[in-house]
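These protein sequence lines map, in sequence, to chains A, B, C and D.
In this text, residue positions in the first sequence follow my numbering: the first is 1, and each later residue adds one.
In this text, residue positions in the second sequence follow my numbering: the first is 1, and each later residue adds one.
In this text, residue positions in the third sequence follow my numbering: the first is 1, and each later residue adds one.
In this text, residue positions in the fourth sequence follow my numbering: the first is 1, and each later residue adds one.
Each hint should be verified, as a subset may be incorrect.
Just so you know, same-sequence chains aren't split out, so a pair can sit in one copy or run between any two.
Listed below are the simulated PhoX-like cross-link pairs for lysine-lysine, each with C-alpha atoms no more than 20 Å apart in a straight line [what the hints assert, rightly or not]: (1) Lys254 to Lys21; (2) Lys304 to Lys322; (3) Lys24 to Lys322; (4) Lys441 to Lys322; (5) Lys322 to Lys254; (6) Lys154 to Lys78.
Calculated directly from the structure, the hints in this document are not laboratory data.
As the structure is a prediction and not an experimental result, all values here were calculated from the model.
There are 4 protein chains.
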Amino acid sequence: MPSTYKIFRDPVHNVITFDLKRDKLLLDLVNTATFQRLRNIRQLGFSWVAYPGAEHSRFTHALGACHLAGRVLDQLGKSTPIDPADRVAAQASALLHDVGHGPFSHLYESAFPSALSHEAWGIEIVTNPASDVHQVLAAHDPALPGRVAAVLAKTYRPYFVVQLVSSQLDVDRFDYLLRDSQMTGAQYGLFDVEWIINSLVLANVEIDGVRERSLVIDAGRGLHSVEQHLLGRHFMYRQVYFHPACRAADMITKAVFKRLAAVAHPPEIPTALAAAARGDTPPLADYLELDDFLLLNLFKTWAKSAEDAVLRDLCRRLTQRKLFWALDWSGFGAADRERLFAGLRAGVARAGFDPESYALVDLAADTPYRDVMSFAMRGKPSEEIWVMTDGQLRRLSEVSDVLRSLSNRAVAQVYVCFPPEARDDVAAELHALGFPDTGMKRA
Amino acid sequence: MPSTYKIFRDPVHNVITFDLKRDKLLLDLVNTATFQRLRNIRQLGFSWVAYPGAEHSRFTHALGACHLAGRVLDQLGKSTPIDPADRVAAQASALLHDVGHGPFSHLYESAFPSALSHEAWGIEIVTNPASDVHQVLAAHDPALPGRVAAVLAKTYRPYFVVQLVSSQLDVDRFDYLLRDSQMTGAQYGLFDVEWIINSLVLANVEIDGVRERSLVIDAGRGLHSVEQHLLGRHFMYRQVYFHPACRAADMITKAVFKRLAAVAHPPEIPTALAAAARGDTPPLADYLELDDFLLLNLFKTWAKSAEDAVLRDLCRRLTQRKLFWALDWSGFGAADRERLFAGLRAGVARAGFDPESYALVDLAADTPYRDVMSFAMRGKPSEEIWVMTDGQLRRLSEVSDVLRSLSNRAVAQVYVCFPPEARDDVAAELHALGFPDTGMKRA
Amino acid sequence: MPSTYKIFRDPVHNVITFDLKRDKLLLDLVNTATFQRLRNIRQLGFSWVAYPGAEHSRFTHALGACHLAGRVLDQLGKSTPIDPADRVAAQASALLHDVGHGPFSHLYESAFPSALSHEAWGIEIVTNPASDVHQVLAAHDPALPGRVAAVLAKTYRPYFVVQLVSSQLDVDRFDYLLRDSQMTGAQYGLFDVEWIINSLVLANVEIDGVRERSLVIDAGRGLHSVEQHLLGRHFMYRQVYFHPACRAADMITKAVFKRLAAVAHPPEIPTALAAAARGDTPPLADYLELDDFLLLNLFKTWAKSAEDAVLRDLCRRLTQRKLFWALDWSGFGAADRERLFAGLRAGVARAGFDPESYALVDLAADTPYRDVMSFAMRGKPSEEIWVMTDGQLRRLSEVSDVLRSLSNRAVAQVYVCFPPEARDDVAAELHALGFPDTGMKRA
Amino acid sequence: MPSTYKIFRDPVHNVITFDLKRDKLLLDLVNTATFQRLRNIRQLGFSWVAYPGAEHSRFTHALGACHLAGRVLDQLGKSTPIDPADRVAAQASALLHDVGHGPFSHLYESAFPSALSHEAWGIEIVTNPASDVHQVLAAHDPALPGRVAAVLAKTYRPYFVVQLVSSQLDVDRFDYLLRDSQMTGAQYGLFDVEWIINSLVLANVEIDGVRERSLVIDAGRGLHSVEQHLLGRHFMYRQVYFHPACRAADMITKAVFKRLAAVAHPPEIPTALAAAARGDTPPLADYLELDDFLLLNLFKTWAKSAEDAVLRDLCRRLTQRKLFWALDWSGFGAADRERLFAGLRAGVARAGFDPESYALVDLAADTPYRDVMSFAMRGKPSEEIWVMTDGQLRRLSEVSDVLRSLSNRAVAQVYVCFPPEARDDVAAELHALGFPDTGMKRA
């Protein structure tokens with residue numbers, strides 16, 4: 001009795017089932033070399049330096065997001081018929097939403113200011129005729145590459161397909177909060193996903209002047225689960241994604257990339273990385289060569305044999321986990337920052353290090369929840385969450401006390417880091433500038 | 001090889017271990033008839049009408065709270081020596097903190113305005129020489145009954161023992177949130193208890209003008225877990241503890257009690273209930289006869305054979321789960337309430353029912369978090385949570401954005417309920433009074 | 001937006017969904033007084049004396065079994081169309097499979113030799129025109145009561161419907177193992193239910209000379225999960241269901257029932273219990289009056305005021321949890337048993353107790369797995385589990401090493417119990433008969 | 001308030017705590033480059049080809065095993081004082097038990113017949129004065145390297161320290177079953193670790209003629225948990241560790257290694273791998289350069305540019321997950337094997353492939369439980385599990401029906417694999433040899 005479906009076992013969802021016929025497209029996409037590459041890109045970049053269990057890749061996350069997209073569509077379908085073409089576009093987009101990520105995930109695109117975003121690379125992967133992903137999509141339906149690209153670019157209609165894949169209440173977040181909470185062991189992001197899925201409905205909402213068929217929460221049912229979900233994400237940012245040791249590893253890696261751009265040109269540098277270091281956009285095929293494990297190996301090589309002493313030293317510290325000291329300067333006023341950073345650079349220089357590579361600053365920020373004002377200010381299409389309460393559509397921030405207090409409030413983190421050897425010199429400089437000693441307390 | 005400890009398996013904590021020697025007192029307390037009675041009092045009163053799994057008793061909850069008290073004391077002991085007498089008082093009090101509950105838990109004490117609180121009954125059980133619990137405590141140490149009573153009365157010193165058992169961050173809440181979340185299946189109250197325990201320390205805090213050795217959260221470690229815990233409790237209130245069907249069952253039960261007080265005197269009425277109905281306080285032994293299962297059985301008897309037709313009808317509806325309609329009127333302004341309630345009574349009367357027993361109003365409220373202002377206003381000792389951040393003690397509400405927004409804000413629920421047969425008449429009355437039809441939407 | 005389904009939250013399955021239209025019958029059945037009565041019958045009888053968390057009722061178990069029946073049918077439907085009438089019969093039967101249970105579940109039917117089994121009461125409930133359950137079924141389809149009765153009597157065809165509800169691999173076991181494991185906290189019975197459901201298919205199997213459409217395990221997929229499931233059940237029997245303290249409580253309760261039959265006739269005895277004590281079968285309506293809580297209350301009453309001293313004493317021990325000593329005599333050879341039991345009775349009598357009520361013997365047995373030989377010997381229709389391996393149907397015991405060793409081997413437990421006060425006298429009698437002292441070791 | 005301990009969050013154990021003082025040695029070991037290297041060696045080699053979540057490394061497993069060793073020692077210490085030196089040796093050895101693993105874990109040592117085992121490399125790492133691990137151990141206590149090496153070599157006394165780290169009931173298995181079950185999502189290996197830990201005691205057992213202080217299970221408590229644990233391991237072997245896709249990836253990787261030894265000498269080959277290919281043992285420092293990610297990168301490189309066409313093709317198939325077909329030939333008799341393998345080679349050759357690299361055979365075996373006879377036959381010190389029952393020590397296989405049936409029975413798996421392109425030719429050869437077509441059914 002040959003099986004009619006393919007099952008993936010999964011630590012988060014247990015059983016992820018694809019029907020061999022109905023979901024053939026999805027399975028073919030999974031089997032492309034481009035998608036398989038996600039096995040080599042970790043979901044949380046360098047978070048394993050602080051959370052050893054954070055070794056999971058974007059591969060399993062993408063499978064999980066695609067699975068959840070299917071479950072949400074099944075739920076929506078109970079009350080409203082879903083166009084099969086929308087279903088295909090939604091699930092393929094959920095599967096592919098991270099396919100454009102570079103090594104160490106978000107770190108890569110933020111390290112090279114001129115680099116394409118992972119979303120842009122994702123659209124390239126979907127639309128470039130040379131890409132195996134494009135070929136699989138086009139073989140299924142010549143219009144499909146364009147449709148998936150539209151979802152990724154957020155121009156697809158009906159709008160709920162975009163929301164399902166990328167919004168403040170999407171399957172991407174559903175999966176990553178559950179997965180990251182479980183894998184790191186820091187359980188802040190666990191929430192009742194069954195109950196949220198259960199309370200999703202479709203309704204017509206006026207968004208930017210147009211009525212769009214949108215995902216809406218039935219408040220009587222799901223309001224508190226959504227609050228729990230958004231707060232869980234907030235806690236994960238504060239405690240995991242902003243963890244100082246992870247930020248320190250990120251900062252050193254960026255310093256490595258910067259050094260490659262400025263000075264060092266080791267012969268082993270991959271073509272795509274050399275292009276990025278020059279500010280160029282590499283061809284897709286070259287870009288796809290890059291992944292976490294290739295770069296971690298290169299760092300090991302350079303730690304031993306790079307000609308440039310700074311590159312060698314940075315790579316040594318990174319690969320032997322001799323991380324810089326990270327200090328949390330979020331508590332200082334914005335007005336003091338430039339003086340603080342100058343003091344940092346002076347101290348690091350006094351200790352004999354090049355501040356360019358050794359006095360590092362990281363500004364991270366997350367806004368737990370954005371509502372319409374925020375989007376208006378940013379000139380972006382509105383993405384707030386709508387809830388249905390007593391037969392009326394209202395904005396989540398109108399209905400939820402808990403979230404109103406967090407709406408549009410960016411949680412900013414200012415971390416600096418430098419070699420432990422420079423500690424006394426940095427402290428002396430700060431002291432000279434009149435800052436309290438608590439500034440030297442390790443995060 | 002005779003075992004040296006007694007183990008209880010537990011759905012929440014898996015293994016609860018008592019050392020046969022060190023914890024002999026606790027085991028002796030568990031074996032008293034008075035403590036075993038807690039098996040017959042459900043943790044969540046009538047919540048099983050909405051959450052079928054909520055069949056768990058206060059017995060397992062009390063074991064769990066005692067177990068957690070031991071774990072917190074072990075953790076505190078890592079950094080500060082704990083006086084063995086404090087440990088004994090703390091664990092015995094955690095075990096006994098609910099021993100004074102009447103049938104259906106909180107419902108009972110709120111049904112009879114003149115009834116003693118469960119805390120007062122608890123102190124009576126601990127101090128009354130005729131009580132088996134008193135005898136076990138006194139046999140261990142003649143001073144112990146007084147010490148446990150002091151913990152329950154919140155006068156014990158050092159103060160952290162009181163906090164451990166009853167505060168806004170106590171083992172009672174730790175256990176009930178985990179247990180109620182698991183048993184109801186509504187998982188809002190799950191939180192990372194390991195991490196909170198882990199971040200508890202002792203510090204001297206000035207409380208009401210006196211420096212007290214207090215439980216304090218190490219903010220760098222546990223702030224977000226505490227936020228998650230307090231929000232989880234908030235969500236459980238909104239979604240589970242305030243569930244309209246449970247409130248309806250509560251209201252009908254109160255109407256039964258009121259009817260017993262006013263009119264009906266069925267011969268099977270237990271002595272203690274008759275006393276309560278008269279406004280008297282029954283002797284302890286009589287009080288302890290009462291439990292959920294005795295009353296549920298009586299309700300079944302009265303449903304069939306009570307002479308008083310109202311009592312018979314109320315009991316029939318309760319035991320056959322033909323509950324009243326519950327409407328959520330929380331959205332109406334306080335100014336309108338008296339007129340609304342008058343309309344309700346008029347409608348119910350017009351439908352042929354006695355408003356006294358059939359037009360029921362329930363005002364429930366919870367304050368997710370109270371800080372010092374709130375306590376000051378209520379003239380009670382301050383019970384806010386203190387956190388240690390950067391070596392300084394600060395109030396939780398100063399440090400936490402999320403909780404500040406909820407601090408001292410009572411979440412009030414106004415439910416009314418009445419027989420479904422009175423629906424049209426109540427609607428007509430409300431309409432006549434000019435209220436919108438949405439007032440008739442079922443909660 | 002009125003909801004189109006009813007959801008129960010559940011500690012085991014999280015979300016149990018019934019469609020308001022498609023599953024109206026099931027919801028109507030849940031709302032009958034007869035089904036609601038299951039809230040008052042605990043799944044594990046007296047197991048709470050050893051496992052405090054075992055307070056869950058047959059109500060939640062029946063909901064869970066019905067939910068799993070729906071899930072299995074959905075799975076089977078992926079490869080084979082399921083006749084809607086079979087689906088209705090299967091889910092209704094899964095919901096009702098325990099509706100005939102008496103107080104303390106299995107204990108009741110074993111306490112009165114002439115009592116109807118719970119299966120027979122179940123069929124009565126389904127077919128008796130005065131029963132609310134019958135009326136709901138018949139209102140849906142006049143043929144349905146007969147069809148459900150056929151499932152409960154195992155004569156329904158196609159046969160897989162019977163298997164789904166009652167076999168060695170049925171939704172009853174699926175649910176109770178998961179639920180009992182979670183509630184007791186003894187996790188032996190946890191197994192990968194997702195994976196088993198996933199590996200179920202339908203195939204034609206020759207059973208007792210007739211080809212029947214049967215539930216079959218796809219071995220390549222599910223063999224090990226089924227082994228894990230059956231072993232989990234075996235472990236639960238050994239560790240939980242046969243726990244000596246639970247058996248002791250059962251034995252005392254049976255002694256109470258026997259005393260009611262023989263001697264004591266307290267005025268409060270419920271009609272149905274009096275009938276059972278006389279060896280009569282009470283009318284259905286009387287039988288349905290009985291439940292755990294009614295009897296536990298009566299035991300409390302009789303502990304205080306029964307005229308018969310033995311009844312009073314037994315009830316006192318039971319309700320104050322002063323259980324008898326239980327000894328495990330499974331290790332003695334069958335040949336010695338009668339002499340051992342005689343010694344026990346003599347010792348108990350010497351200590352001044354009536355052996356009829358105080359020298360109690362309990363023979364419990366379970367066969368972890370039965371295969372065809374066993375069924376043949378018992379003259380029952382064959383119920384072994386079939387697996388599909390390499391396109392061939394084979395018996396599970398042919399394929400599984402692990403289970404072959406356990407097949408048809410009854411695990412027997414011989415417990416005796418008596419009052420602790422009789423200990424020395426029983427020991428002396430055993431000593432006089434030449435039995436080793438280990439016989440007196442408490443189980 | 002500076003923290004006095006270091007905590008790792010962990011997906012399996014939640015909180016793993018090391019005291020900064022008492023456990024300084026362990027933390028120093030964790031921080032060595034040699035131990036950090038375990039982050040780059042996956043626990044389950046290539047299992048991620050079938051179980052995408054199996055991306056976890058030996059780093060987290062080693063932390064988990066060390067944590068469990070501490071918990072078992074705490075438990076044992078409740079009844080018997082533990083010598084602090086034994087505790088140190090036990091925990092350090094648990095942490096280091098896998099530190100000698102090569103890339104892809106067990107695969108590496110089985111690929112090169114002359115290679116040292118990972119245990120031998122572990123002893124080298126502990127005793128080689130140039131090793132950072134050795135230096136940390138020796139700095140703590142000059143005798144410690146020798147003591148840890150003795151534990152790894154199983155000569156340490158008291159014997160329970162060896163058992164704790166490596167036996168049929170050790171913390172290695174405890175951790176890997178829980179971790180692999182969780183990460184793969186195949187939950188067969190979950191078992192009640194709390195309960196097993198709880199039932200461990202120390203007792204004197206005669207092992208090989210000498211009385212040794214040994215780990216023993218208190219049968220009354222833990223027998224069924226141990227059965228569950230050993231069966232869980234058995235199921236994991238059958239379903240996960242022997243999964244055909246994983247074996248196929250293993251076989252191709254071994255073919256790559258063989259090709260490196262025989263023919264191909266790509267310039268990028270790491271020194272240690274070249275030495276292994278020659279049959280030499282590389283110096284420790286070279287060996288430690290090797291890890292999963294280095295080799296996976298090399299395979300990618302060779303897939304594109306290796307001069308040797310066979311190496312290029314094998315690497316291409318491996319890195320693009322175009323795995324060979326795997327057939328399960330375990331069902332054929334041992335007598336037929338050589339003829340079958342010859343047919344396989346002939347078919348592969350006929351299809352134009354070199355059988356040396358393309359007709360691959362894998363013989364895997366596991367014995368679920370070994371008892372004394374088995375050890376006697378193998379001439380190894382006895383390692384069976386002892387249980388204490390009724391005050392007597394007995395062998396587990398005497399006491400457990402379930403395990404007796406599995407004792408000393410090797411479960412053998414015979415897999416063969418070859419390129420899908422050779423399918424028809426292999427089938428034709430088998431047909432010509434008279435074997436049934438089922439031989440061609442994919443595993």
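Verification of the supplied hints:
1. Taking the closest pair of Cα atoms, Lys254 and Lys21 never come within 20 Å of each other, the shortest separation being 45 Å inside a single copy and 35 Å across copies.
2. Taking identical chains as interchangeable, the C-alpha atoms of Lys304 and Lys322 lie at most 20 Å apart only when both belong to the same chain, with a minimum of 15 Å there against 35 Å between chains.
3. Taking CA atoms no more than 20 Å apart as the test, Lys24 paired with Lys322 passes between copies only; the shortest distance there is 17 Å, against 47 Å inside one copy.
4. Taking the shortest alpha-carbon separations for Lys441 and Lys322, only the intra-copy value of 18 Å comes in at or below 20 Å, while the best inter-copy value is 52 Å.
5. When the C-alpha separation of Lys322 and Lys254 is checked against a cutoff of 20 Å, the pair qualifies only within one copy, where the shortest distance is 16 Å, while the shortest distance between copies is 35 Å.
6. Taking the closest pair of Cα atoms, Lys154 and Lys78 never come within 20 Å of each other, the shortest separation being 25 Å inside a single copy and 34 Å across copies.
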